[in-house]
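Chains as they are written, first to last, in our numbering: chain A, 1 to 317; chain B, 1 to 249.
One should not assume that every hint holds.
Said to hold, decoys possible - Partial list, computed: chain B residues near chain A (C-beta under 10 Å):
no.	residue
1	Leu49
2	Gly53
3	Gly128
4	Pro183
5	Gln216
Claimed, not checked - As a list, the in silico PhoX-like pairs of lysine-lysine whose alpha-carbon atoms are at most 20 Å apart:
no.	chain 1	residue 1	chain 2	residue 2
6	B	Lys247	A	Lys273
7	A	Lys180	B	Lys56
8	A	Lys273	B	Lys56
9	B	Lys227	B	Lys67
10	A	Lys311	B	Lys241
11	B	Lys149	B	Lys56
12	A	Lys79	A	Lys166
13	B	Lys87	B	Lys102
14	B	Lys149	A	Lys273
Treat the hints as calculated values from the structure; they're not laboratory data.
C-beta: ideal position from N, C-alpha, C; glycine also.
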Amino acid sequence: MSVLVIAEHNNLNLKIFTLNAIFAASQIDTNIHVLVAGNKSENVAKEVAAVPLVKKVLHSESTNYENYLAENITPLIVKLAENYTHIIASANTFGKNFMPRVAALLDISQVSDIIKISSPDTFLRPIYAGNAFATVKSNDKKKCITIRPTSFDSAPTSGGSAQIEKINSVNIPNISKFIKREETKSERPELGTARVVISGGRGMQSGDNFKLINAIADKLNAAVGASRAAVDAGYISNDHQVGQTGKVVVPDLYIAVGISGAIQHLAGMKESKIIVAINKDGEAPIFSIADYGLEADLFKALPEFLAELNKLNTIQN
Amino acid sequence: MKILVAVKRVIDYNVQIRVKEDGTGVHTDNVKMSNNPPDDNAVEEAVKLKESGKAKEVIAITVGEEKAQDTVRKALAVGADRGIHVKADNYIEPLGVAKILKKVIEKEKPDIVFMGKQAIDDDCNQTGQMLSSLLGWAQGTFASKIEVKDKSIQVTREVDEGLETIEINLPAIVTCDLRLNEPRYASLPNIMKAKKKPIEQLIAKDLGVDISNRIQQLKVEEPPKRKGGVKVATVAELVSKLKNEAKVI
Ligand SMILES: Cc1cc2nc3c(=O)[nH]c(=O)nc-3n(C[C@H](O)[C@H](O)[C@H](O)COP(=O)(O)OP(=O)(O)OC[C@H]3O[C@@H](n4cnc5c(N)ncnc54)[C@H](O)[C@@H]3O)c2cc1C
Ligand SMILES: Nc1ncnc2c1ncn2[C@@H]1O[C@H](COP(=O)(O)O)[C@@H](O)[C@H]1O
């Protein structure tokens, strides 16, 4: 067996969920190769080569790969596929975009968003927004798999020295064009990997009121999340959304403020180690899964919370 | 311009899912079924294009059991012109659905296919991408805004980093996010009118495509339950518990 992991990066640096995909791959076989397809992405190839679990880096450079358009990278992966039994990427918007394209051309039924590997062909995956877990066995000769990054450890990043092999680029269909990317820049930790997440919902009432959340996030070095309702209302941008159709987070501490706890929201955060809910409605479903529930008006509770945190002398990291 | 919209019948998103004791799946008897939510956005976007004069015809298609026709009826009630029901007695995986849709597309030759970004039952997030790949078409996935031009569509996509804009050649597949638009409700007169709109029925296994399932569902179980916690009376108590008991701050 041999596994091909598709690296996610921005041509300068590796994106960390690739490390979770590599770790997942290591539970299938030790013969792990990683494809870095990009433009001027030497540094990424070097970063991947330093990951001890990686046996070989396949590095393919082309301006066509610069923006990871699914139509452009699919032919390259399909061409490489014959050498591998498993092709793996993370189940984030990167992996979800191209993996089904690859799978369809290889006539493979993709296994999406797995949270556990039982054997090289048997996996556990949540269905119905995480309200049921399905154990599935793939009977295809080859497997195309996306893994839920928060369900797998991160592969160590240093000490390895895998060979970097140059791979020729492959013709592209020329049917799609990248125009622009609007990234939300933030000094705070990333939502997907933060140790602490504080999220606001419709109860926040406005985008401006998120400053109450932001102040606590700064204090706790937390990432800021949101419910779909808060994003839909325009309080905060889409990349903050937690849930079935947003991001999945598994922090040590998740603080839900003014969020009712719809199953679609729970799907993205209920694996968190400690859950705190602040809600003025004592019957809100979020309380049924919260370790600590505070029935209170958030406009009173959040400033108090900040004041209490300021009293603690601990250094947060 | 001709538009095809793929709609799937799923357990309504408000239903509390119950896993069967024997591990074979989830309870569906007497459970409310609805159109997969983002598929409503897909229909809405297609109907809007028709209303703006850009599109001439909107066809709604579903693959599924007899009852799945309801989803097509619903699309017809909000403005689709005609429907196609590909009848299949058992669950077909996204790859099989994509192959069926491809077959129909080769006959109908639409310029755009709108689909949901994800079905809320299997949570696969695959079918649109697979279809697009099998057809050799471009894809605009997780679309929260689109602008249809003569030979292309500009698609704003919701990605982990924020938003991304791409331009894709027609014909193309667009998979819709819930934020793409606000789906309308069907009025009673339109529901009545929709009953007269034609729905063509095809039989999945007669289409000459391989729809065999490759993934065996060995077991479906309840996820581990979280123990309910405690209520705290004050913010000070909360902070003290987080620090001394949970030790997370
Ligand atoms: C297909 C589909 C996918 C979805 N995906 C997602 C997803 O990924 N993520 C997601 O979050 N949702 C998702 N949703 C939406 C989900 O169903 C809920 O509508 C949404 O999570 C509700 O957000 P909310 O809790 O912020 O708002 P509400 O349900 O309106 O709750 C607001 C809460 O704030 C409380 N509140 C109000 N004022 C105050 C105050 N002053 N102080 C304290 N508390 C206050 C209220 O008591 C209430 O509990 C999805 C829905 C569908 C159909
Ligand atoms: N049986 C089906 N019939 C019609 N459309 C479907 C079917 N299955 C999936 N789709 C479409 O594909 C989208 C994504 O589904 P999935 O890949 O299962 O998450 C859905 O939102 C539908 O638009």
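Check your understanding: Between B:Lys247 and A:Lys273, does the CA-CA distance stay at or below 20 Å?
Key -> 11 Å, holds
Review point. For the pair supplied as a hint, A:Lys79 and A:Lys166, is the alpha-carbon distance within the 20 Å limit?
Key: This hinted pair holds, its Cα atoms lying about 14 Å apart.
Review point. Quick one, are A:Lys311 and B:Lys241 close enough, alpha carbons at most 20 Å?
Key: 14 Å, holds
Review point. Can B:Gly53 be said to touch chain A, with a Cβ gap under 10 Å?
Key: It is violated, given that the least Cβ distance between B:Gly53 and chain A is near 25 Å, above 10 Å.
Point to revise | Proposed interface contact between B:Gln216 and chain A, which counts if any beta carbon pair is under 10 Å | key: 4 Å, holds
Exercise for review: Have a go at the B:Pro183 hint: is there a Cβ in chain A nearer than 10 Å to its own Cβ?
Suggested key: With a minimum Cβ separation of about 13 Å from chain A (threshold 10 Å), the hint on B:Pro183 is violated.
**Study point:** Hint consistency between A:Lys180 and B:Lys56 [alpha-carbon to alpha-carbon, up to 20 Å]
**Key:** Answer violated: A:Lys180 to B:Lys56 is near 31 Å, above 20 Å.
**Study point:** Pair hint B:Lys149 and B:Lys56, alpha-carbon separation not exceeding 20 Å
**Key:** It holds: about 15 Å lies between the C-alpha atoms, which stays within 20 Å.
Check your understanding: When you check the alpha-carbon spacing of A:Lys273 and B:Lys56, does it fall within 20 Å?
Key -> Status violated; Cα separation ~53 Å.
Practice item. Closer than 10 Å between Cβ atoms is the bar; does B:Gly128 clear it against chain A? Give me holds or violated. Key: 8 Å, holds
Practice item. Verify the interface restraint on B:Leu49: the C-beta must sit less than 10 Å from at least one C-beta of chain A. Key: 20 Å, violated
Check your understanding: Has the given pair, B:Lys149 with A:Lys273, been kept, meaning a C-alpha gap of at most 20 Å?
Key -> 48 Å, violated
Of the numbered hints listed earlier, those contradicted by the structure are 1, 2, 4, 7, 8, 9 and 14.
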